[in-house]
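Position chain B against the provided structure of chain A, taking the given hints into account.
There are 2 protein chains.
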Amino acid sequence: MSIRIGIMGYGNLGRGIECAIRQNPDMELAAVFTRRAPEALRILTEGVKVYPAADAHLFKDAIDVLILCGGSATDLPIQTPAFAKDFCVVDSFDTHAKIPSHFANVDEIAKQNGTVAIISCGWDPGMFSLSRLYAEAILPNGTNYTFWGKGVSQGHSDAIRRIDGVLTAKQYTVPIEEAVTAVREGHTPTLSPRQSHLRECFVVDKEGADTALIEQTIKTMPNYFADYDTTVHFITLEEFNRDHAGIPHGGTVIRAGKTGWEEENTHVVEYSLKLDSNPEFTASVILACARAAYRLKREGAFGCKTVFDIPPAYLSPKSPEELRQTLL
Amino acid sequence: MSIRIGIMGYGNLGRGIECAIRQNPDMELAAVFTRRAPEALRILTEGVKVYPAADAHLFKDAIDVLILCGGSATDLPIQTPAFAKDFCVVDSFDTHAKIPSHFANVDEIAKQNGTVAIISCGWDPGMFSLSRLYAEAILPNGTNYTFWGKGVSQGHSDAIRRIDGVLTAKQYTVPIEEAVTAVREGHTPTLSPRQSHLRECFVVDKEGADTALIEQTIKTMPNYFADYDTTVHFITLEEFNRDHAGIPHGGTVIRAGKTGWEEENTHVVEYSLKLDSNPEFTASVILACARAAYRLKREGAFGCKTVFDIPPAYLSPKSPEELRQTLL
Chain A
78 MSIRIGIMGY GNLGRGIECA IRQNPDMELA AVFTRRAPEA LRILTEGVKV YPAADAHLFK
138 DAIDVLILCG GSATDLPIQT PAFAKDFCVV DSFDTHAKIP SHFANVDEIA KQNGTVAIIS
198 CGWDPGMFSL SRLYAEAILP NGTNYTFWGK GVSQGHSDAI RRIDGVLTAK QYTVPIEEAV
258 TAVREGHTPT LSPRQSHLRE CFVVDKEGAD TALIEQTIKT MPNYFADYDT TVHFITLEEF
318 NRDHAGIPHG GTVIRAGKTG WEEENTHVVE YSLKLDSNPE FTASVILACA RAAYRLKREG
378 AFGCKTVFDI PPAYLSPKSP EELRQTLL
Chain B
78 MSIRIGIMGY GNLGRGIECA IRQNPDMELA AVFTRRAPEA LRILTEGVKV YPAADAHLFK
138 DAIDVLILCG GSATDLPIQT PAFAKDFCVV DSFDTHAKIP SHFANVDEIA KQNGTVAIIS
198 CGWDPGMFSL SRLYAEAILP NGTNYTFWGK GVSQGHSDAI RRIDGVLTAK QYTVPIEEAV
258 TAVREGHTPT LSPRQSHLRE CFVVDKEGAD TALIEQTIKT MPNYFADYDT TVHFITLEEF
318 NRDHAGIPHG GTVIRAGKTG WEEENTHVVE YSLKLDSNPE FTASVILACA RAAYRLKREG
378 AFGCKTVFDI PPAYLSPKSP EELRQTLL
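Here the protein sequences line up with chains A and B, keeping their order. Add 77 to the 1-based position in the first sequence for my numbering, that's all there is to it. Add 77 to the 1-based position in the second sequence for my numbering, that's all there is to it.
By construction, these hints were calculated from the structure, which means they are not laboratory data. Just so we're clear, the structure is a prediction, and the values are computed from it rather than from any experiment.
Heads up, the list lumps identical chains together, so a pair's fine if it works in one copy or across two of them.
Cross-link-like lysine-lysine pairs, in silico, DSSO-like; alpha carbons within 27 Å at most:
1. Lys188 x Lys374
2. Lys374 x Lys395
3. Lys335 x Lys395
4. Lys395 x Lys175
5. Lys283 x Lys296
Pulled out of the complex, with its shape left as it was, chain A reads as follows (with noise of 0.2 Å):
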């Protein structure tokens, strides 16, 4: 019998979970739900249906996990403990400070319930967490580096596209490759923001629009821009198209630690993605820990987890003993 999994919210997220889903024969895709009207949503699977967000409860039974694809400003603060009520729950929540009561009040809720809630999965937190973790169990004595890029900030790209008189912006966070380079050798420099990443902002401005100015706010702009070394193009709309639709990301978690009786010797850990499609690889990565909680339910589990309480077997549909002899 394969997983039911539900989608709520058909973004670019909820999209990459309905092509994720294609790729894994243990799962198939029971619903989709949505706050829009839903004969107006389109999906790609044949023969699977659209219904009101407001309508999720009745298909408790019809789901074995619902993937919650909502933003983390808002909607997952107050969905993830709403539907952990009814549904073994996945979700990406990704404001890194506040997973701490994120994490409670989802825990509260699921563990009234029965259900698997697992938060917080997707590269960062998700894949980069896990390698932080690894490492730093392997190597006490290090250091952890996070660097994030080339690839799109949605939430910088955001704030470009509110300032007056632009279009249309898309903003790549971009390592400083010196600063890479440097710990990827063994050394543990101290790092300000500006020497670990730069920001390079390309903006499609409205018609008559002053320029300068749009740049002198992007590069002032506080938290976003200001601790950052800014850079602004300014092209056209068909540039834009063409140049920038996609969605790509990556990055590395790089630790340097020593290890001896003198701590004479030297290793480096290094974990880097290189991803075209930012929401789809974040979907993939929600789809495998959609399976462990579908496992660790029907183990008797529940409550709240994360990432760092799945035994890594739960994410794979192989068996304990193919694991052991195929990939061990």
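Coordinates of chain B only, in the frame set by chain A:
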């Protein structure tokens, strides 16, 4: 209370365990066991004694986890099941083809005696296995590649040392740069052994030895060298001791996979290690696994496990709350 560690076998790996214990404040070295004469052994840790291997069972209640530092060829197939009777144990059994039978043997004894045994810990098998599993679970449509090196292969070095006229030798396994680059760029080539790695040998010949014959013997040695491009350098003992004293190793696991409705997007996941000391890094992984064995045992678990079965959080000394707050 700290985790009391016993070391069985005091070679490079055993010494690596001893050094790693010093970096983990929640652990202490309880005893070292050896098959040599205990009084002939000088260990680094003050106040800790060396005992005959045959007396280990007397320390059943004084040791939480016994680390088995023997070799995979003849020691561990006997030692791991034998000691799993009285102890929670961790080994680094690395004969990939024999892992299933080793697992079965150890599992039976551990289950009968209520102990936890974690086998095949290290970096391959170990961290590389985890990387293969995670990447495959996330990207079902893709291909795993493992490249080893540049680093010293103990087995190949031994094979050369057994040749007539060889005083000592070291063999470096070197990944073929073009192959690594192709995979890193998202291609999925079919690679023969020769297209994946080359072998570089540094040989000190005995006086009067026939170097041409030695070189010929190495290059045509079946299994070890015949399927690879191999270079042989004859050097002096002085050069050998100056330039080839270390035991560096490392390598990289790369998976390129496709996502999207039409598989239009490519993702590259890479985990790589650059290690100054192969045995010390292996020891560091083993010790994190020892922590997991200790915790699993306290929770009432028993039987044989591998890294695939261990929730990542169990490897870290941090609490779940701390992990979520600092590393997720």
